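Asks: Sequence:
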Amino acid sequence: MSAKLIKGSSLNYMHRGGPPGDAGVARAVSTDLSATMGAGVAHFDACSISWTVLYDEVIYVIDGIFRLVTNEGVLEGEAGDIIWVPEGTALKYEGEHARIFYAVYPGNWKEIHGLD
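Everything in the sequence shown is counted per UniProt numbering, starting at 1 for the first residue and increasing by one.
Derived by calculation from the structure, the hints in this document are not laboratory data. Remember, predicted model here, so these are calculated numbers, not experimental data. Hints may contain errors.
Listed next, the in silico DSBU-like pairs over lysine-lysine satisfying Cα-Cα at most 35 angstroms (straight line) [to be verified]:
1. LYS110 to LYS7
2. LYS92 to LYS4
3. LYS4 to LYS110
4. LYS92 to LYS7
5. LYS92 to LYS110
Label pairs and their computed distance ranges (CB to CB) [said to hold, decoys possible]:
6. GLU72 to SER2: 38 to 46 angstroms
7. ASP22 to GLY114: 36 to 44 angstroms
8. SER50 to ASP81: 15 to 23 angstroms
9. SER50 to SER30: 17 to 25 angstroms
Glycine included, each C-beta is placed from N, C-alpha and C at the ideal position.
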């Protein structure tokens with residue numbers, strides 16, 4: 001495997017929430033490129049997406065206001081902020097015109113948890 005450029009224009013967003021609001025996720029690095037990492041971009045606007053993460057996740061806020069609601073409280077990030085999310089965290093992804101980049105480990109979490 002060698003380094004690869006992934007053009008933003010080639011990403012396909014999958015609808016993940018709304019209405020109300022809208023959420024979409026586009027995976028850029030999936031198991032066809034790496035079994036150990038996953039990465040992509042997402043947008044969240046006026047919606048609330050509940051999930052329990054099955055992986056470690058790092059989120060970089062590109063723009064807008066991104067909120068991660070957990071049992072411990074609300075983490076609110078703006079452009080340039082980074083949020084760390086450990087595996088097993090129950091949460092809600094929310095935002096106002098938020099765009100994020102995310103990276104997850106392990107990248108093959110669906111396979112590991114029998115979700116493929």
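Asks: All the hints need checking, so say for each whether the structure fits it.
Replies: Going through the hints against the structure:
A hinted pair counts as satisfied when its Cα atoms are at most 35 angstroms apart, and LYS110 with LYS7 qualifies at roughly 24 angstroms. For the proposed pair LYS92 and LYS4, the alpha carbon gap of about 32 angstroms is at most 35 angstroms, so the pair holds. At most 35 angstroms may separate the alpha-carbon atoms for a hinted pair to count; LYS4 and LYS110 meet this at roughly 23 angstroms. At most 35 angstroms may separate the alpha-carbon atoms for a hinted pair to count; LYS92 and LYS7 meet this at roughly 28 angstroms.
The straight-line distance between the Cα atoms of LYS92 and LYS110 is roughly 19 angstroms, inside the 35 angstroms bound, and the hint therefore holds. At about 41 angstroms, the CB distance of GLU72 to SER2 agrees with the hint of 38 to 46 angstroms. Hint check: ASP22 to GLY114, Cβ distance near 30 angstroms, so the stated range 36 to 44 angstroms is violated. Between SER50 and ASP81 the Cβ separation comes to about 22 angstroms, which falls inside the hinted range of 15 to 23 angstroms.
Remark: the range hint 17 to 25 angstroms for SER50 to SER30 is upheld by a beta-carbon distance near 23 angstroms.
Going down the numbered hints, you'll see the structure goes against just number 7.
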